[in-house]
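6 protein chains.
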Amino acid sequence: MRPSGRELNELRPISIETNVTRHAEGSCLIKMGDTHVLCTASIDAKVPPFMKNSGLGWVTAEYGMLPRATHTRMNREAKRGQSGRTQEIQRLIGRSLRAGVDRVALGERQITIDCDVIQADGGTRCASITGGWVALRLAVNKLMKAGDVISDPLLDPVAAVSCGIYAGQPVLDLDYPEDSEAGVDGNFVMTGSGRLIEVQMSAEGATFSRDQMSQLLDLAELGRAKLVEAQKTAAA
Amino acid sequence: MRPSGRELNELRPISIETNVTRHAEGSCLIKMGDTHVLCTASIDAKVPPFMKNSGLGWVTAEYGMLPRATHTRMNREAKRGQSGRTQEIQRLIGRSLRAGVDRVALGERQITIDCDVIQADGGTRCASITGGWVALRLAVNKLMKAGDVISDPLLDPVAAVSCGIYAGQPVLDLDYPEDSEAGVDGNFVMTGSGRLIEVQMSAEGATFSRDQMSQLLDLAELGRAKLVEAQKTAAA
Amino acid sequence: MRPSGRELNELRPISIETNVTRHAEGSCLIKMGDTHVLCTASIDAKVPPFMKNSGLGWVTAEYGMLPRATHTRMNREAKRGQSGRTQEIQRLIGRSLRAGVDRVALGERQITIDCDVIQADGGTRCASITGGWVALRLAVNKLMKAGDVISDPLLDPVAAVSCGIYAGQPVLDLDYPEDSEAGVDGNFVMTGSGRLIEVQMSAEGATFSRDQMSQLLDLAELGRAKLVEAQKTAAA
Amino acid sequence: MRPSGRELNELRPISIETNVTRHAEGSCLIKMGDTHVLCTASIDAKVPPFMKNSGLGWVTAEYGMLPRATHTRMNREAKRGQSGRTQEIQRLIGRSLRAGVDRVALGERQITIDCDVIQADGGTRCASITGGWVALRLAVNKLMKAGDVISDPLLDPVAAVSCGIYAGQPVLDLDYPEDSEAGVDGNFVMTGSGRLIEVQMSAEGATFSRDQMSQLLDLAELGRAKLVEAQKTAAA
Amino acid sequence: MRPSGRELNELRPISIETNVTRHAEGSCLIKMGDTHVLCTASIDAKVPPFMKNSGLGWVTAEYGMLPRATHTRMNREAKRGQSGRTQEIQRLIGRSLRAGVDRVALGERQITIDCDVIQADGGTRCASITGGWVALRLAVNKLMKAGDVISDPLLDPVAAVSCGIYAGQPVLDLDYPEDSEAGVDGNFVMTGSGRLIEVQMSAEGATFSRDQMSQLLDLAELGRAKLVEAQKTAAA
Amino acid sequence: MRPSGRELNELRPISIETNVTRHAEGSCLIKMGDTHVLCTASIDAKVPPFMKNSGLGWVTAEYGMLPRATHTRMNREAKRGQSGRTQEIQRLIGRSLRAGVDRVALGERQITIDCDVIQADGGTRCASITGGWVALRLAVNKLMKAGDVISDPLLDPVAAVSCGIYAGQPVLDLDYPEDSEAGVDGNFVMTGSGRLIEVQMSAEGATFSRDQMSQLLDLAELGRAKLVEAQKTAAA
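Protein chains in written order, with full-length UniProt numbering: chain A, 1 to 236; chain B, 1 to 236; chain C, 1 to 236; chain D, 1 to 236; chain E, 1 to 236; chain F, 1 to 236.
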């Protein structure tokens with residue numbers, strides 16, 4: 001049995017509240033159970049230097065966690081610099097979202113997705129990708145409404161979910177108590193139509209078989225369908 | 001006339017929602033109009049090294065702003081380090097809150113107040129102090145309920161408000177459009193009973209008279225009364 | 001009684017020696033008792049990027065303390081980076097001096113005031129402002145003599161002094177023994193004609209009343225008159 | 001056809017030269033074609049603070065690239081700090097190697113694996129893991145020979161290989177010309193007996209199907225067998 | 001007797017293997033006994049900003065040591081930043097090599113010499129200069145063969161060797177066991193024709209006479225002749 | 001002819017004013033012509049960690065330059081970190097002074113010599129060593145007077161002077177106009193009795209012969225005698 005009482009293939013309750021801050025071009029507060037992430041999209045006319053005059057757009061992401069988003073307070077990254085883990089996560093979010101973007105259609109501009117974890121209970125990078133796409137969708141809508149972008153550069157939604165082996169069982173959408181016990185876990189980033197963008201499976205002090213990997217992918221597909229539904233409802 | 005249509009001596013609408021995150025020992029989301037700050041209090045058994053075995057408690061504060069809390073996106077401080085402005089603000093918050101604490105009664109422990117600006121529209125340091133005190137109050141309540149602290153170390157509420165000369169008129173609680181125009185502004189930190197803790201009046205490209213200073217202090221006292229009322233209601 | 005034997009409203013002996021270094025466009029060594037600060041003014045044809053082609057001048061300041069300016073040796077900031085306190089002080093010095101400058105008359109150039117504390121005995125930020133203005137005055141004189149600046153951009157002297165409540169009494173110009181004991185102290189920056197530029201009153205583990213604030217302001221005005229006189233004599 | 005003329009399922013020539021530096025407790029120079037990585041293992045009696053007195057051992061890794069290991073010279077990380085990519089890679093190497101270690105049998109000591117890329121032609125992180133295991137094996141042999149460790153803490157070899165979709169075809173062990181073109185690639189870390197430790201599949205500006213993923217895994221298993229053979233020969 | 005059994009005026013065995021990496025425009029692996037340094041030369045069309053449009057070339061150097069080049073593992077400089085010692089050494093290497101360069105003949109381009117110590121046994125800075133010149137020679141040959149440079153900008157070889165007082169005796173080319181005991185040692189950088197470029201003699205907890213200095217210079221001249229021979233053979 | 005009109009073998013006017021700051025255990029302001037350096041000695045009961053319980057003392061040095069000590073203002077090192085040049089200089093000062101110290105007689109304590117350049121006109125590192133020794137002498141005197149140190153740990157004065165080839169002539173004690181033109185220059189650190197501690201000769205875009213080196217040493221010995229005399233007078 002899972003600590004939360006959920007079924008093995010059951011997501012946590014999802015909620016995606018949009019337009020939660022007045023300055024960002026797109027924003028949402030995504031809640032996957034007790035994991036809450038504020039995602040904002042900021043449009044900038046300037047692209048990174050190496051991309052100038054390419055005519056191509058760029059989507060990038062930054063990730064942070066408030067010091068007391070966690071059970072015990074962590075040091076503030078503004079004081080000690082970004083950890084390797086933080087940089088790894090924000091590179092993943094940016095790469096994942098870009099997989100769903102037609103950079104020609106976007107035109108030469110940059111959209112920065114900020115994902116700030118207000119409260120953490122496992123799965124923050126997946127929630128950031130799922131919520132980040134909604135913020136991106138809303139910002140792109142604004143560009144299209146203003147006529148700055150003509151054909152929709154967002155090809156397909158991008159969503160992510162974690163799965164892992166907990167107490168010997170494959171489970172969907174690990175929360176913190178599961179995540180801290182699981183010897184094997186993975187993050188699966190997928191498109192709305194079920195294509196894969198990123199698969200990150202990792203064992204700490206353990207190993208896994210190809211069969212187990214297959215079971216986790218099955219679970220991830222189940223989760224993906226529900227997440228994409230929630231994204232579409234939120235961004236409608 | 002003020003851009004918001006407020007009276008000269010009118011605060012923005014105040015809202016203080018408590019217990020907004022499940023991990024912190026005390027927390028609130030304070031809204032002064034469109035300025036929204038998440039304040040959390042974290043209790044730690046350890047005090048800073050120079051205070052060890054003194055028997056005295058310590059209250060300290062850290063301050064941050066999400067990159068898109070502002071009209072245009074700012075660089076993330078975790079990437080570039082804390083600015084001088086940020087350090088100045090968090091030193092002010094800590095000093096202000098300590099003025100209302102009996103450090104003997106608190107006992108040898110540290111409470112860290114994190115003030116993270118979710119959305120900014122002027123007056124973020126004042127909102128941080130006012131909301132920070134509520135988070136502190138709730139965390140101290142928890143210590144007292146648990147019997148870890150016997151006599152109440154919080155002597156009196158601590159609240160803060162800004163005033164300034166806008167379009168030649170003294171006004172209370174400046175919002176961003178006012179703040180960016182005002183040649184003179186000040187932050188006033190006061191106790192519940194009206195004693196002063198900190199007065200910071202500052203002119204940029206201008207000067208002010210003692211009379212004007214007196215008028216701003218009068219306004220600040222008006223504001224303080226309302227803020228303390230809101231603190232007491234929230235923390236009740 | 002004050003540790004130094006001074007009257008409550010008595011400044012420390014002031015001395016301002018000018019042209020103490022051969023390279024700077026303006027310089028002085030200001031001594032407020034045992035607090036000695038070397039102030040230099042450096043003229044640069046370049047202004048900060050955001051000000052380019054504005055036609056406006058800029059005055060900025062930097063502050064430092066030699067490692068053994070203090071009773072016990074402090075770590076060198078060049079090794080550990082500028083502290084929050086240092087940044088806060090240099091922002092204050094710059095803001096204060098700019099309040100006395102007509103930026104149009106100055107023309108598009110930058111003057112940097114470096115204030116380096118050779119020996120510290122309390123009140124270093126106030127001495128830096130008072131001495132910094134003299135260095136600025138001398139550098140501007142040079143610009144005017146050379147015909148690079150036509151009408152005098154320095155409207156009025158800018159001087160600063162600290163006051164505080166020491167042993168229950170309001171005292172003027174705190175030295176280190178007083179400063180380290182005072183529960184309440186303040187820094188007052190004023191123009192030659194008595195207008196206020198910056199008021200920073202602060203209590204650590206204490207509070208103060210409006211009456212006490214008024215008494216400190218009265219003292220500050222007394223001190224200001226003497227300081228401005230010394231500035232004028234020095235820069236004559 | 002692949003730029004190198006290799007078959008789709010053909011590894012580059014492997015060479016693992018051991019004991020290449022006289023100071024390290026274990027070392028090898030691994031060459032996967034034109035990718036050359038120097039791997040050293042350093043034994044330290046001290047473990048990280050949080051592990052002290054746990055009786056458990058620790059294996060960690062650091063990764064670097066000489067500035068001119070690449071086609072055009074890169075900035076030296078000692079001057080600009082470790083990039084997010086570098087930190088991500090060294091975390092992967094450490095995690096991968098630990099999956100093959102019995103930390104109780106290792107005893108309370110730390111082994112640091114340094115992987116420094118002398119020449120780069122794609123696949124440096126995989127070569128680092130494969131070569132890093134050989135350095136680890138040699139260092140552990142030394143501990144066992146000295147009687148400091150009794151039962152072998154290395155359960156099974158750990159090796160890694162990349163695969164990707166190049167010109168529409170699944171290929172094994174991408175070199176730089178392939179890597180820079182491939183829209184999808186992955187790194188597969190496996191044990192000697194074929195269990196999975198880490199799977200990292202990633203698309204940049206593309207997506208992939210589960211079938212493609214399966215094909216890449218098939219290739220990776222082929223590669224793994226050859227790599228483990230080379231490891232065993234080298235460390236014999 | 002010297003720990004290595006060498007004569008007082010005997011160099012360690014020298015080996016200079018060229019073209020050891022495929023990307024660099026010039027490269028060698030120099031071995032002075034157990035001290036092994038990889039030297040690469042990278043040509044860049046861009047010179048430092050302050051030299052732009054001067055028509056003059058520039059040669060600069062960077063130096064590093066792999067963490068386990070030494071008896072016990074050192075911290076990685078990419079993690080903690082370059083030490084003062086590292087910066088001092090790389091400034092010396094650059095200055096030394098520039099003394100042998102006709103910057104007009106080189107033309108407006110920069111050549112960066114990277115010297116990375118693979119294994120250390122004393123004398124790494126001297127080996128870096130001697131090997132660095134070979135890498136520079138090979139890169140310049142490439143420029144001349146391509147017709148990018150017409151007249152040879154390398155006037156004369158540049159080589160370096162250390163000498164010191166070990167156990168009361170002047171000795172040539174100190175290895176680590178000698179270096180860590182010697183109270184006086186020096187580095188001598190010379191041209192192929194025996195002119196001096198840099199002399200750095202240094203005593204730690206000791207002093208030396210002019211006579212001793214003369215004896216060390218005599219030894220250095222002996223060593224220089226052999227080193228330049230080896231350079232010429234290698235770069236032929 | 002030298003720009004200053006001095007003879008080839010003539011030092012600039014020397015002045016060493018002692019006890020110039022009230023907090024330091026020893027201090028002086030040394031002036032070599034227009035080069036002015038404030039040197040302070042700070043005694044600390046704590047030695048660096050690796051020296052603890054060795055019974056040996058330690059002398060170390062730090063060096064800095066005020067931003068406007070130079071013709072044009074330099075960036076403040078507290079803002080950008082210590083340059084390689086600064087670190088090289090302070091390592092030289094510390095090493096030089098330690099050569100004149102009996103570390104057993106000093107006892108387990110650390111003396112830090114801070115050398116801060118108030119005004120620069122060439123030769124700042126030499127002036128720092130010469131003045132630094134005076135500050136050290138005064139601090140040691142205080143220890144001996146207090147009975148904390150019994151036998152004098154200062155064996156012999158330590159002084160330093162620069163020489164160089166200017167306009168084809170060997171000259172003593174280069175000032176800035178000479179230093180910026182000289183193709184060859186050197187710093188010579190010597191004891192009161194004429195023993196050598198450190199010789200640093202360096203050519204930038206030039207070379208020198210052994211004869212020239214000998215001439216510079218002759219000049220340095222002349223200078224050393226005068227400097228040591230001035231040190232003795234000052235510290236008497």
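No lab work stands behind these hints: they were computed from the structure.
There's no promise every hint is true.
As the list claims (entries may be wrong) - Below, simulated DSSO-like cross-link-like pairs (lysine-lysine); rule was C-alpha separation at most 30 Å, straight line:
#	chain 1	residue 1	chain 2	residue 2
1	E	Lys-52	F	Lys-46
2	C	Lys-142	B	Lys-79
3	D	Lys-52	B	Lys-52
4	D	Lys-46	F	Lys-52
5	E	Lys-232	C	Lys-52
6	F	Lys-79	C	Lys-31
7	A	Lys-46	E	Lys-31
8	A	Lys-79	B	Lys-226
9	F	Lys-226	C	Lys-79
10	D	Lys-52	D	Lys-145
11	A	Lys-52	A	Lys-31
12	F	Lys-226	F	Lys-142
13	E	Lys-142	B	Lys-79
14	B	Lys-46	E	Lys-79
15	A	Lys-52	B	Lys-79
16	D	Lys-226	D	Lys-145
17	E	Lys-79	F	Lys-142
18	D	Lys-79	A	Lys-79
19	A	Lys-142	B	Lys-31
20	D	Lys-46	D	Lys-232
21	E	Lys-79	C	Lys-79
22	A	Lys-145	A	Lys-226
23	F	Lys-31	C	Lys-79
24	A	Lys-46	D	Lys-79
25	B	Lys-79	B	Lys-142
26	C	Lys-31	C	Lys-142
27	A	Lys-31	A	Lys-226
28	D	Lys-31	E	Lys-226
29	B	Lys-79	B	Lys-31
30	F	Lys-79	A	Lys-79
31	D	Lys-142	D	Lys-52
32	A	Lys-79	B	Lys-79
33	B	Lys-145	B	Lys-226
34	F	Lys-232	F	Lys-46
35	B	Lys-145	B	Lys-46
36	F	Lys-52	B	Lys-52
37	F	Lys-142	F	Lys-232
38	A	Lys-31	B	Lys-142
39	B	Lys-46	D	Lys-46
40	D	Lys-31	E	Lys-52
Here is what the structure says about each hint:
For the proposed pair E/Lys-52 and F/Lys-46, the alpha carbon gap of about 50 Å is over 30 Å, so the pair is violated. At roughly 42 Å between alpha-carbon atoms, C/Lys-142 and B/Lys-79 are farther apart than 30 Å, so this suggested pair is violated. Restraint check: the Cα-Cα separation between D/Lys-52 and B/Lys-52 comes to about 23 Å, which is no more than 30 Å; the hinted pair holds. With a C-alpha separation of about 20 Å, the suggested pairing of D/Lys-46 with F/Lys-52 holds against the 30 Å cut-off.
A distance of roughly 55 Å separates the Cα atoms of E/Lys-232 and C/Lys-52; the hinted pair therefore is violated under the 30 Å criterion. With a CA separation close to 26 Å, the supplied pair F/Lys-79 and C/Lys-31 stays within the 30 Å bound. For the suggested pair A/Lys-46 and E/Lys-31, the alpha carbons sit about 50 Å apart, so the restraint of at most 30 Å is broken. Taking the CA atoms of A/Lys-79 and B/Lys-226, the gap is near 34 Å; set against the 30 Å cutoff, the hint is violated.
About 35 Å separates the Cα atoms of F/Lys-226 and C/Lys-79, which puts this hinted pair outside 30 Å; it is violated. Of the pairs offered as hints, the one joining D/Lys-52 and D/Lys-145 holds, with about 25 Å between alpha carbons and a cut-off of 30 Å not exceeded. The suggested pairing of A/Lys-52 with A/Lys-31 is violated, with an alpha-carbon distance near 37 Å, which exceeds 30 Å. Only pairs whose Cα atoms come within 30 Å are accepted, and F/Lys-226 paired with F/Lys-142 is accepted, the gap being roughly 26 Å.
This hinted pair does not check out: E/Lys-142 and B/Lys-79 have alpha carbons roughly 41 Å apart, beyond 30 Å. Among the hinted pairs, B/Lys-46 with E/Lys-79 is consistent with the structure: their alpha-carbon atoms are about 28 Å apart, no more than 30 Å. This hinted pair checks out: A/Lys-52 and B/Lys-79 have alpha carbons roughly 23 Å apart, not beyond 30 Å. At roughly 28 Å between alpha-carbon atoms, D/Lys-226 and D/Lys-145 fall within 30 Å of each other, so this suggested pair holds.
Pair hint E/Lys-79 plus F/Lys-142 does not hold up; C-alpha atoms about 42 Å apart against a cutoff of 30 Å. Restraint check for D/Lys-79 and A/Lys-79: satisfied, since their Cα atoms lie roughly 20 Å apart, inside the 30 Å limit. The suggested pairing of A/Lys-142 with B/Lys-31 holds, with an alpha-carbon distance near 27 Å, which does not exceed 30 Å. For the given pair, D/Lys-46 sits about 29 Å from D/Lys-232 by alpha-carbon distance, which is consistent with the 30 Å threshold.
Among the hinted pairs, E/Lys-79 with C/Lys-79 is consistent with the structure: their alpha-carbon atoms are about 17 Å apart, no more than 30 Å. The straight-line distance between the Cα atoms of A/Lys-145 and A/Lys-226 is roughly 28 Å, inside the 30 Å bound, and the hint therefore holds. Pair hint F/Lys-31 plus C/Lys-79 holds up; C-alpha atoms about 26 Å apart against a cutoff of 30 Å. For the hint pairing A/Lys-46 with D/Lys-79, the CA-to-CA distance comes to about 28 Å; that is within 30 Å, so the pair holds.
In summary, the hint linking B/Lys-79 to B/Lys-142 is not supported, as the alpha carbons are separated by about 35 Å, beyond the 30 Å threshold. Distance restraint check for C/Lys-31 and C/Lys-142: the Cα-Cα separation of roughly 24 Å lies within the 30 Å cut-off, and the hinted pair is therefore satisfied. With a C-alpha separation of about 14 Å, the suggested pair A/Lys-31 and A/Lys-226 falls inside the 30 Å cut-off, and the hint holds. Our distance criterion of 30 Å between C-alpha atoms is broken by D/Lys-31 and E/Lys-226, whose separation comes to about 34 Å.
With a CA separation close to 27 Å, the supplied pair B/Lys-79 and B/Lys-31 stays within the 30 Å bound. Among the hinted pairs, F/Lys-79 with A/Lys-79 is consistent with the structure: their alpha-carbon atoms are about 16 Å apart, no more than 30 Å. A C-alpha spacing of about 23 Å is found between D/Lys-142 and D/Lys-52, which places the hinted pair at or below 30 Å, so the restraint holds. For the suggested pair A/Lys-79 and B/Lys-79, the alpha carbons sit about 10 Å apart, so the restraint of at most 30 Å is met.
Between the alpha carbons of B/Lys-145 and B/Lys-226 the distance comes to roughly 28 Å, so the proposed pair stays at or under 30 Å and holds. A distance of roughly 29 Å separates the Cα atoms of F/Lys-232 and F/Lys-46; the hinted pair therefore holds under the 30 Å criterion. Restraint check: the Cα-Cα separation between B/Lys-145 and B/Lys-46 comes to about 20 Å, which is no more than 30 Å; the hinted pair holds. For a cut-off of 30 Å, the pair hint linking F/Lys-52 to B/Lys-52 stands: about 23 Å separates their Cα positions.
A threshold of 30 Å between alpha carbons decides the hint, and for F/Lys-142 with F/Lys-232 the separation of about 16 Å falls inside it, so the pair holds. A threshold of 30 Å between alpha carbons decides the hint, and for A/Lys-31 with B/Lys-142 the separation of about 27 Å falls inside it, so the pair holds. At most 30 Å may separate the alpha-carbon atoms for a hinted pair to count; B/Lys-46 and D/Lys-46 meet this at roughly 25 Å. A hinted pair counts as satisfied when its Cα atoms are at most 30 Å apart, and D/Lys-31 with E/Lys-52 does not qualify at roughly 40 Å.
Comparing the model with each numbered hint stated earlier shows that hints 1, 2, 5, 7, 8, 9, 11, 13, 17, 25, 28, 40 do not hold.
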